[in-house]
Amino acid sequence: EAGVAQSPRYKIIEKRQSVAFWCNPISGHATLYWYQQILGQGPKLLIQFQNNGVVDDSQLPKDRFSAERLKGVDSTLKIQPAKLEDSAVYLCASSLGQARNNEQFFGPGTRLTVL
Amino acid sequence: AQSVTQLDSHVSVSEGTPVLLRCNYSSSYSPSLFWYVQHPNKGLQLLLKYTSAATLVKGINGFEAEFKKSETSFHLTKPSAHMSDAAEYFCVVTDQRYSGGYQKVTFGTGTKLQVIP
Chain A
6 EAGVAQSPRY KIIEKRQSVA FWCNPISGHA TLYWYQQILG QGPKLLIQFQ NNGVVDDSQL
66 PKDRFSAERL KGVDSTLKIQ PAKLEDSAVY LCASSLGQAR NNEQFFGPGT RLTVL
Chain B
17 AQSVTQLDSH VSVSEGTPVL LRCNYSSSYS PSLFWYVQHP NKGLQLLLKY TSAATLVKGI
77 NGFEAEFKKS ETSFHLTKPS AHMSDAAEYF CVVTDQRYSG GYQKVTFGTG TKLQVIP
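Chains A and B supply the protein sequences, listed in that same order.
Numbering follows our numbering, with no gaps: position 40 of the first sequence is 45.
Numbering follows our numbering, with no gaps: position 91 of the second sequence is 107.
So that you can see chain B by itself, here it is in the shape it has in the complex:
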């Protein structure tokens, strides 16, 4: 079974403080995990992805995420929030039953990040 749970629908932080957006996943196979960002009236853009190489993944705009298999988590962090980080963030899991098989993909429900000046 494949599923994604984003534990917070809304997160509010002050500018300059750390950001933590939480994501837990379930997959019957070896998954890949992604974080996408959606700014208001803009398309979805990839922030970072985990594909079974390094468990700590660095993305664009200072974001990073750590894959923790034992906790089935892939939380997104940033040391210092900027006003431009205000957006909606989606955690995504993909897997394949076998190499060459079709890729199954599931999006989380999203976390809206508000940054307070």
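Isolated chain A (complex conformation):
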């Protein structure tokens, strides 16, 4: 079974530039999550999708971050414009659904460096 795919694996940009990350979840997984993991911290949930609808984006900085999951499969996360404090690893995860006991499967992450 293929895992969660993410690209790119690494990205270096200058502040005020834009960047986009892509995630392809495990086939059949209805729930998709984007996390931000700053060095030395635990992952922070940015946004959660159920199929192509947003169920939780309470911690997404909506003035600069946006995400979509068209057709309920792949997802993109965009930052525009980037700030220095956005330097982090961006993790995508997927699970079968919203049941609280569903395991999340994680991708390898995208390491973003903002200069």
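Simulated from the structure, these hints should not be mistaken for lab results.
Bear in mind that the values here come from a model prediction, so they are computed numbers and not experimental data.
There could be a bad hint or two in this list.
[As the list claims (entries may be wrong)] Distance condition first, Cα-Cα at most 25 Å in a straight line; then the derived DSS-like pairs of lysine-lysine:
#1 A:Lys83 / A:Lys20
#2 A:Lys16 / B:Lys74
#3 A:Lys67 / A:Lys49
#4 A:Lys88 / A:Lys16
#5 B:Lys128 / A:Lys49
#6 A:Lys49 / A:Lys16
#7 B:Lys74 / B:Lys85
#8 B:Lys74 / B:Lys84
#9 A:Lys88 / B:Lys128
#10 B:Lys58 / A:Lys83
#11 B:Lys128 / B:Lys58
#12 B:Lys58 / A:Lys49
#13 B:Lys128 / B:Lys65
#14 A:Lys83 / A:Lys67
[Said to hold, decoys possible] Derived, one-sided and incomplete: chain A residues facing chain B with beta-carbon distance under 7 Å:
#15 Pro48
#16 Asn106
#17 Pro113
#18 Arg116
[To be verified] Far from chain B, some chain A residues (derived; all Cβ distances over 10 Å):
#19 Gln22
#20 Gln85
#21 Leu96
#22 Leu117
All C-beta atoms, glycine included, are put in the ideal place defined by N, C-alpha and C.
Here the structure of chain A is known, so what remains is to put chain B in place on it, guided by the hints.
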């Protein structure tokens, strides 16, 4: 309210000695609890999970955890540490306000386990 507290940011043990990584949680609903492991430059992997069945949960690589509702704890243990256990460990809580509702999830801040040969 939902929260997770991992009481130690770093734990150091000698190879062959027991491991104890501590986690306390808070949840307004019946929670599920998970431990994930993150090896350097690797993705997060599930170690074990508690989902309201048996309170003592066994996971991969000899790890286990016990759910103690009265203490709101879900500590991770292993009888004998191996060098390959050196990694960062995250405790995670999820709950739902009602069945069919959306799942809320919170990660702890992580505990780095160092294993000394």
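Right, here's what the structure says about each hint:
Taking the CA atoms of A:Lys83 and A:Lys20, the gap is near 14 Å; set against the 25 Å cutoff, the hint holds. Among the hinted pairs, A:Lys16 with B:Lys74 is inconsistent with the structure: their alpha-carbon atoms are about 38 Å apart, more than 25 Å. Taking the CA atoms of A:Lys67 and A:Lys49, the gap is about 15 Å. The hint holds against a cut of 25 Å. A distance of roughly 14 Å separates the Cα atoms of A:Lys88 and A:Lys16; the hinted pair therefore holds under the 25 Å criterion.
A threshold of 25 Å between alpha carbons decides the hint, and for B:Lys128 with A:Lys49 the separation of about 18 Å falls inside it, so the pair holds. Of the supplied pair hints, the one linking A:Lys49 and A:Lys16 holds, its CA atoms being roughly 20 Å apart against a limit of 25 Å. Straight-line distance between C-alpha atoms of B:Lys74 and B:Lys85 comes to about 17 Å, which keeps the hinted pair within the 25 Å bound. Annotation: proposed proximity of B:Lys74 to B:Lys84 holds, straight-line Cα distance about 15 Å (limit 25 Å).
Pair hint A:Lys88 plus B:Lys128 does not hold up; C-alpha atoms about 28 Å apart against a cutoff of 25 Å. Taking the CA atoms of B:Lys58 and A:Lys83, the gap is about 23 Å. The hint holds against a cut of 25 Å. A C-alpha spacing of about 14 Å is found between B:Lys128 and B:Lys58, which places the hinted pair at or below 25 Å, so the restraint holds. Between B:Lys58 and A:Lys49 the alpha-carbon distance is near 18 Å, which keeps this suggested pair within the 25 Å criterion.
Our distance criterion of 25 Å between C-alpha atoms is met by B:Lys128 and B:Lys65, whose separation comes to about 19 Å. The straight-line distance between the Cα atoms of A:Lys83 and A:Lys67 is roughly 10 Å, inside the 25 Å bound, and the hint therefore holds. Given the 7 Å rule on beta carbons, the hint for A:Pro48 holds: about 5 Å separates it from the nearest Cβ of chain B. For the restraint placing A:Asn106 at the interface with chain B, the shortest Cβ-Cβ distance is roughly 4 Å, inside the 7 Å limit, so the hint holds.
Here the hint on A:Pro113 is kept, as its CB sits about 5 Å from the closest CB of chain B, short of 7 Å. For A:Arg116, the interface hint is violated, the least distance from its beta-carbon to any beta-carbon of chain B being 10 Å, above 7 Å. A cut-off of 10 Å between C-beta atoms confirms that A:Gln22 is not in contact with chain B; the least separation is 25 Å. Every CB of chain B is more than 10 Å from the CB of A:Gln85 (nearest about 26 Å), matching its label as outside the interface.
Not every beta carbon of chain B lies more than 10 Å from that of A:Leu96, the smallest distance being close to 7 Å; the non-interface claim is violated. No beta-carbon of chain B is positioned within 10 Å of the beta-carbon of A:Leu117; the least distance is around 16 Å.
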